[in-house]
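Those sequence lines, one after another, are chains A and B.
Under this note's numbering, the residue at position 184 of the first sequence is numbered 184, and the numbers go up by one with no gaps.
Count along the second sequence from 1, then add 253; that gives the number in this note's numbering.
To be clear, the hints were calculated from the coordinates, so they are not data collected in a lab.
Ideal Cβ positions, reconstructed from N, Cα and C, are used throughout, including at glycine.
There's no promise every hint is true.
The calculated lysine to any residue pairs, modelled on SDA-like cross-linking and capped at a C-alpha distance of 25 Å, are [stated by the list, open to error]:
(1) A:Lys125 to A:Leu69
(2) A:Lys134 to A:Leu176
(3) A:Lys125 to B:Lys533
(4) B:Lys533 to A:Leu176
(5) B:Lys533 to A:Gly87
Among chain B residues calculated to face chain A with C-beta under 7 Å, some are [what the hints assert, rightly or not]:
(6) Glu364
(7) Arg415
(8) Pro429
(9) Ala437
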Amino acid sequence: MSPLLDVSHLTVRHGQLQAITDVSLRVDAGSVVAVIGANGAGKSTLLGAIAGLLTPAGGSIVFDGESLLGQPAHRRVARGLSLVLEGRRLFPSLSLEDNLRTGAYLGRPGPWSLERIFELFPWMKDRRRQLATKLSGGEQQAVAIARGLLSNPRLLLLDEVSLGLAPVVVRKLYDLLPRILSEGTSLLLVEQDVSQALRAADYVVCLLEGRVSLEGPPVALSAAAIEAAYFGIHHTAGADERGSGERSERGPR
Amino acid sequence: MTWVNAVVQGILLGGLYALFACGLSVMFGVMRIINLAHGDLGILAAFLALSCTSVAGMTPLWAVLVVVPAMALLGYAMQRVLFFRILTASPFSPVLATFGVSIIIQNLLLEHYSADSHSLDVGRLASASLRITGQVSVAYLSLFSFVLAALVLAALGLFLTRTGLGRMMRACADDPEAAELTGADSRHVYGVATAIAFATVALAGLLFAMRSSFSPAAGPARLLFAFEAVVIGGLGSLWGTLLGGIVLGLAQTLGAQVDPAFTLIFGHAIFLAVLAFRPKGLIAGRVT
């Protein structure tokens with residue numbers, strides 16, 4: 001069976017900086033793939049290139065058997081790809097309900113509707129007239145995920161769901177993932193919280209300075225191997241190498 | 254009693270200013286474009302209607318029905334062909350580009366229609382008025398343009414809050430990247446926003462041309478009044494724009510009541526006072 005998403009040899013540059021180099025990754029239908037890595041490893045860049053916010057310098061992105069290259073972001077949403085951006089990015093001047101409704105703008109058919117979202121999150125129905133900015137961080141993240149779901153994606157990309165949230169809130173959000181999967185949506189998530197990612201994913205890809213440093217199913221990866229791949233600590237690693245890692249570090253946006 | 258009359262006239266004039274202003278507000282709110290050609294577009298519409306009535310022999314109503322949609326189409330096309338390309342270049346490129354469009358429109362009009370003043374003949378409607386008391390009478394045309402302005406603003410408000418495309422327009426104003434990721438084709442959304450701006454300013458230009466004479470150089474003054482109405486009312490609030498138009502209209506007619514030479518000065522003074530003491534406008538709204 002061909003994978004739902006097939007990224008191969010992808011290279012993306014931010015001006016002079018090579019943000020990701022020769023990254024390959026695949027997501028099979030019905031699976032959860034997690035991309036882990038330190039700040040600036042290129043995780044958000046990878047998602048941005050898949051969603052159409054960034055133009056790759058090389059490589060290919062094939063979704064459901066068709067190339068995505070050259071297609072604008074909104075066309076990719078219509079094809080069934082939805083990215084929940086880091087930092088929630090709700091529309092501040094829109095109410096909670098209007099934020100959700102923007103997700104359903106294209107009217108892609110599928111299991112998710114406003115009613116289903118309100119069933120899953122009853123509190124949203126009660127507070128639907130509130131401005132998105134009046135919600136707590138965890139609530140905003142839930143709304144952002146719900147907005148992404150309302151486009152009825154076949155693949156949902158989640159960027160740093162746990163960022164800035166209390167562990168108990170993060171756990172609640174992660175508890176939603178099986179529910180999302182059961183509706184036929186596959187998941188590609190980017191996560192700094194490694195333990196959370198290992199718990200949720202079927203397959204983990206670790207990025208280090210824009211390259212894949214380790215990959216495999218969570219059970220096959222030892223803690224030591226992950227630590228080495230995550231921080232780039234080899235037995236020869238010295239202060240210099242760490243230093244260069246710091247320099248190439250950049251905010252995801 | 255003449256003061257009461259001035260107040261009534263000022264309020265009605267304000268409706269027209271608000272109609273001129275709402276398109277300026279939409280373009281700035283959604284795309285951050287300050288359209289310096291806004292007033293000239295209204296005057297362009299007036300001249301197009303003049304050609305429709307005098308050359309093609311249409312009635313003024315038919316001219317409105319032809320010119321307003323034509324201007325909307327022009328807006329959509331200009332957004333796709335011109336404005337969209339320069340949006341990302343730098344914050345100043347839209348200002349320069351629309352300034353250029355303003356000069357081009359003025360000179361084309363000058364070339365084709367000469368510098369003479371013209372007016373759009375609407376027959377008896379131009380002078381017919383409703384006498385309320387001895388000294389207070391309301392021209393039907395003023396009343397009509399005020400009601401039309403209020404209806405257009407209400408319709409625009411409903412469009413922005415109740416329809417998917419209108420909601421997406423507000424979403425694009427907040428965060429274009431996130432809007433694109435929820436499926437908005439920003440080129441189309443911006444095109445529709447510009448079409449709305451061009452259509453409303455065309456309607457305002459036509460009403461203006463029915464009430465008073467106009468020439469190819471009349472655009473910048475319209476732009477200035479529209480800009481003042483937006484700032485007085487508060488950027489991003491449609492009802493604020495109506496209020497801003499009314500305040501500006503009132504200031505002008507009351508100024509004229511004191512001395513006709515004070516008409517414009519009073520308007521500008523109110524504008525400066527609002528900028529100084531309430532820089533967010535009378536109704537500090539959300540951005541479109």
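Structure-based check of all given hints:
1. A:Lys125 to A:Leu69: violated, 38 Å
2. A:Lys134 to A:Leu176: holds, 23 Å
3. A:Lys125 to B:Lys533: violated, 33 Å
4. B:Lys533 to A:Leu176: violated, 42 Å
5. B:Lys533 to A:Gly87: The given pair, whose Cα atoms are some 28 Å apart, is violated under the 25 Å limit.
6. Glu364: violated, 40 Å
7. Arg415: Arg415 (chain B) check fails; min Cβ-Cβ to chain A is 10 Å, beyond 7 Å.
8. Pro429: violated, 10 Å
9. Ala437: Result: holds, 6 Å to nearest chain A Cβ.
Figure legend: structure checked against the earlier numbered hints; hints not met, in rising order: 1, 3, 4, 5, 6, 7, 8.
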